[in-house]
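K.L.:
Listed below are the residues making up each chain.
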Amino acid sequence: MDSLSTRYLRAKKIPSTACGGCGLGQVHKKILMAMDELALGVGDVVWGSGIGCAGRQTFNTWKGDNFAGTHGRVYAIATGLRLALPEDKKIIITSGDGDAFGIGLSHLLHCARRNVDITVIVADNLGYQSTGGQYGYTTPLGFVSDSSPYGAIEQNWIQNGIDILDVLRAGGATFLARHSSLEGYDAVKSVKAAIKNVGFSLIHFIYPCVSHFGPVSLKTRDIDRIFHWFKGIFEAGGVFGENFKSGIFHDAGNSRPEFASSLRSQRAEVEAGHLR
Amino acid sequence: MTRKEILISGFGGQGIVTAGRILGHASTLQGLSAAMLVSHGTETRGGYVRSQVVISEEAIDSPIVEKPNIFCAMSQAAYNRFFGISRNGVILYDPDLVKRIGPPSPTYLAIHAGAAARELGIPMSANMVMLGAILRTLGMISDECMKDAIAAISPRFTELNLMAFEAGYRT
Amino acid sequence: MRKLFETGNAAITEGAVAAGCNLFAGYPITPATEIAENMSRRLPQTGGFYVQAEDETASLHICIGGALGGLKAMTATSGPGYVLFADPYGWAIGSEIPLVIVNSQRVGPISGITGAPGQGEFYLSRYPTHGGNFETIVLAPNSVQEAFSMTVEAFYLAERFRTPVTLLADQLVTDGWASLSLPENETELNEMGLKVVPRSIHPGPIFYPPTDEIDVPPVVLGQNTGGACSDWTPTEEGYDTEDIEDQMKHANRLIGKILSHRDLIDRHESIYMDDDPEIVLVSYGSPSRVIGSAVKRAREAGMSVGCIRLKSLWPFQDKLFERRAVYLAVELNVDGQLVREVARASRGEVHFLGKCGELPRVSELIEAVDCLCDGCELKSKKWETVVW
Chain G
1 MDSLSTRYLR AKKIPSTACG GCGLGQVHKK ILMAMDELAL GVGDVVWGSG IGCAGRQTFN
61 TWKGDNFAGT HGRVYAIATG LRLALPEDKK IIITSGDGDA FGIGLSHLLH CARRNVDITV
121 IVADNLGYQS TGGQYGYTTP LGFVSDSSPY GAIEQNWIQN GIDILDVLRA GGATFLARHS
181 SLEGYDAVKS VKAAIKNVGF SLIHFIYPCV SHFGPVSLKT RDIDRIFHWF KGIFEAGGVF
241 GENFKSGIFH DAGNSRPEFA SSLRSQRAEV EAGHLR
Chain D
1 MTRKEILISG FGGQGIVTAG RILGHASTLQ GLSAAMLVSH GTETRGGYVR SQVVISEEAI
61 DSPIVEKPNI FCAMSQAAYN RFFGISRNGV ILYDPDLVKR IGPPSPTYLA IHAGAAAREL
121 GIPMSANMVM LGAILRTLGM ISDECMKDAI AAISPRFTEL NLMAFEAGYR T
Chain C
1 MRKLFETGNA AITEGAVAAG CNLFAGYPIT PATEIAENMS RRLPQTGGFY VQAEDETASL
61 HICIGGALGG LKAMTATSGP GYVLFADPYG WAIGSEIPLV IVNSQRVGPI SGITGAPGQG
121 EFYLSRYPTH GGNFETIVLA PNSVQEAFSM TVEAFYLAER FRTPVTLLAD QLVTDGWASL
181 SLPENETELN EMGLKVVPRS IHPGPIFYPP TDEIDVPPVV LGQNTGGACS DWTPTEEGYD
241 TEDIEDQMKH ANRLIGKILS HRDLIDRHES IYMDDDPEIV LVSYGSPSRV IGSAVKRARE
301 AGMSVGCIRL KSLWPFQDKL FERRAVYLAV ELNVDGQLVR EVARASRGEV HFLGKCGELP
361 RVSELIEAVD CLCDGCELKS KKWETVVW
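Chains as they are written, first to last, in my numbering: chain G, 1 to 276; chain D, 1 to 171; chain C, 1 to 388.
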């Protein structure tokens, strides 16, 4: 256990039950590094998680307070929780691509529209890997998975000029970024900016799955080759196209009224008798 | 048995529900129990709005008006639909809106509610004229409770509504 | 005490406010919309929050989130929304979240008729989610005054039992108007026999004790207690587990805490049951109002009849049906739901009178009782006698 883990994570949850070689740990670690640099303590953050690899592996790893939603609903739970918590308490959510971009997309978009002050880390392993490797909303077109044996035919959310981050930006998200778990400090900087935004922030973090996506979709069990492929997604000739870049996608941090604080302000007006 | 059943029915916008609310509120202030069910006929043509009001000195079991002691008809559709169950009670109707069926009877009272309200310059208050006539027939509730209820339910037009109510009470 | 003439919807709103509700999340649906509208006006006046959710799934999840942060939350809906609660309802049961759910039942199936009363969610309120291994608490008001008092009681039970409580009303109860006495302070509330339990905070670390005890504070997040709440089976400390023994302990607690303290939940009203009547009418909600009138008239006509009105539906009160009698269940559905439980619990002769979307008339009920007194078959089918 390194010092960050000792400081922030529960000993009972280390080592995690993730597969050997899974990239999720690197995503997790970048969040902790950002917290450390922001000097956040265990009591400053409530940690939520979704379902799937990213949700299950991160649930209750945080030494402080934790919650996990049913599939796709953690964003709605966080909306209610935001109203109950003091404004300086951070809510950080780790969920997966199926959770955020599939079953929970409506709730996620409504969080963006309301500008609920939460930071959503979508840890994306390019499909439904915890159920054995079915295609999802970010599986590259044509790729084979256990439920697309002839190649994924359905348009995904991040290829051919379609981008889920565009959808979220249009929906009102105030901070959006995209990275891979294999990147270095730039990703930590984005997490820091996301947490500092008092509003809806989301970071799309792509990470390698070595148990299903590698063997089935990339047809290799070789971890180096899998990692090499994932490193290439942001480079020229990458599978998602030229416009698929890592970095900050949209930064309108602290530019729109935040959901809970708007409700509080209006309530104060009502209580003061200014609104009837 | 003090249970009284009052059925007020007409079309949307006549204040059928408001009349029922005032009657219920006044009964409550009087220390009586009151209940009201509001229903809307779904037909676009010939539809009706209906307030079923039950007033009693005791707790009210069924809130349904099955045999009204008083039936106040403010549209032909309402009259046609409900006069059958109201034969044993008093039927108040506005002759400008309702053509009576059957022979005249002492239990059929023509209340020129619309005309009276127009005369007062408050055509929207025909329901209050009818309410006055209902109370005159019903008894049970004091003037004071009635006035307090009108003030509570329609605070913006209390004075005008009281005028209309009194006009109806005097008929 | 304030004397008003109000709807059941307004009474539920005031009951929630009196119980300390400070979060309402809901989605508009007839005939429960008026509760949402009233809450949107009242909660900002009383230090609470109103949220209009994107769908009913979100409504209840937002309530859960608020409750997790220490708020007293409520949502209100009708059948088509209640069925969408399946996912968060299970979450709230499993994680032991206190909150209140109002269902103003309308006639179904599917969207049915929006403005007509129904009683189609009797069993759904017992099994509002998947997976089994739990009990639910369900209260059923039949009047505007009870809509107020039972809302306060629902919050009370939710806190003490650490579980969601459904107030299973119907369109006539919520849309109907009636005289309503509202307490103006806590003393008056207590004089009505009602109590308010403030939210307490579990200090940890044993958030999920493997016992039947009640009055266990719920997990409240943001207090740095190390609280953990999830959709997975929890260990005593709230870690996710796949150990079948933990699953068993958890299930036994969810069931045991309710069944071991059901004296706090069970409530009913018996009318004319002292002289051992031959015929017993059974109902809950709006139909019980008409039955009250019908039974009085039937007795005046010399018939040996009484009635039982259930004020709490779940856990089902089997003991009320131990006496040998001919039971007639009256419901606002024609498939028969309550009647199945009565048949199971009574082991006797049980009949069914169902109406779809409207209340039975007093005359209709008297005719049915008269028919049963003569030993005749009802036109509607005789319910199959169940021997267990």
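Treat the hints with care, since some could be wrong.
Pair ranges (Cβ atoms, derived) [what the hints assert, rightly or not]:
#1 C:H130 - G:G241: 51 to 59 angstroms
#2 C:L264 - G:S106: 35 to 43 angstroms
#3 C:T187 - G:T131: 54 to 62 angstroms
#4 C:L264 - D:D143: 46 to 54 angstroms
#5 G:A11 - C:A251: 23 to 31 angstroms
#6 G:G21 - C:D212: 39 to 47 angstroms
#7 C:G193 - D:R81: 49 to 57 angstroms
#8 G:S262 - C:G193: 16 to 24 angstroms
#9 C:R267 - D:G139: 45 to 53 angstroms
#10 D:R81 - C:E364: 55 to 63 angstroms
#11 C:R324 - D:T171: 39 to 47 angstroms
By construction, these hints were calculated from the structure, which means they are not laboratory data.
All C-beta atoms, glycine included, are put in the ideal place defined by N, C-alpha and C.
K.L.:
Should the hint that C:H130 and G:G241 are 51 to 59 angstroms apart at their CB atoms be regarded as holding?
P.N.:
Taking Cβ atoms as reference, C:H130 and G:G241 lie about 41 angstroms apart, which means the hint is violated.
K.L.:
So does C:R324 sit 39 to 47 angstroms from D:T171, Cβ to Cβ?
P.N.:
Cβ of C:R324 to Cβ of D:T171: about 59 angstroms, so the range 39 to 47 angstroms is violated.
K.L.:
Take a look at whether the Cβ-Cβ distance between C:L264 and D:D143 falls inside 46 to 54 angstroms.
P.N.:
47 angstroms, holds
K.L.:
Starting from the range 45 to 53 angstroms, see whether the pair C:R267 and D:G139 falls in it by beta-carbon distance.
P.N.:
For D:G139 against C:R267, whose Cβ atoms are near 38 angstroms apart, the range 45 to 53 angstroms is violated.
K.L.:
Hint says 54 to 62 angstroms; check whether the CB-CB distance for C:T187 and G:T131 agrees.
P.N.:
57 angstroms, holds
K.L.:
Starting from the range 16 to 24 angstroms, see whether the pair G:S262 and C:G193 falls in it by beta-carbon distance.
P.N.:
40 angstroms, violated
K.L.:
Quick one: are G:G21 and C:D212 within 39 to 47 angstroms, going by C-beta?
P.N.:
Distance hint for G:G21, C:D212 holds at roughly 45 angstroms.
K.L.:
Is it true that the C-beta distance of C:L264 to G:S106 lies inside 35 to 43 angstroms, as the hint says?
P.N.:
With Cβ atoms ~39 angstroms apart, the hint holds.
K.L.:
Do the Cβ positions of D:R81 and C:E364 conform to the proposed distance bound of 55 to 63 angstroms?
P.N.:
Taking Cβ atoms as reference, D:R81 and C:E364 lie about 20 angstroms apart, which means the hint is violated.
K.L.:
Indicate whether the distance between the beta carbons of G:A11 and C:A251 respects the range 23 to 31 angstroms.
P.N.:
28 angstroms, holds
K.L.:
Has the hinted range 49 to 57 angstroms been met by the Cβ atoms of C:G193 and D:R81?
P.N.:
43 angstroms, violated
Of the numbered hints stated above, those contradicted by the structure are hints 1, 7, 8, 9, 10, 11, listed in ascending order.
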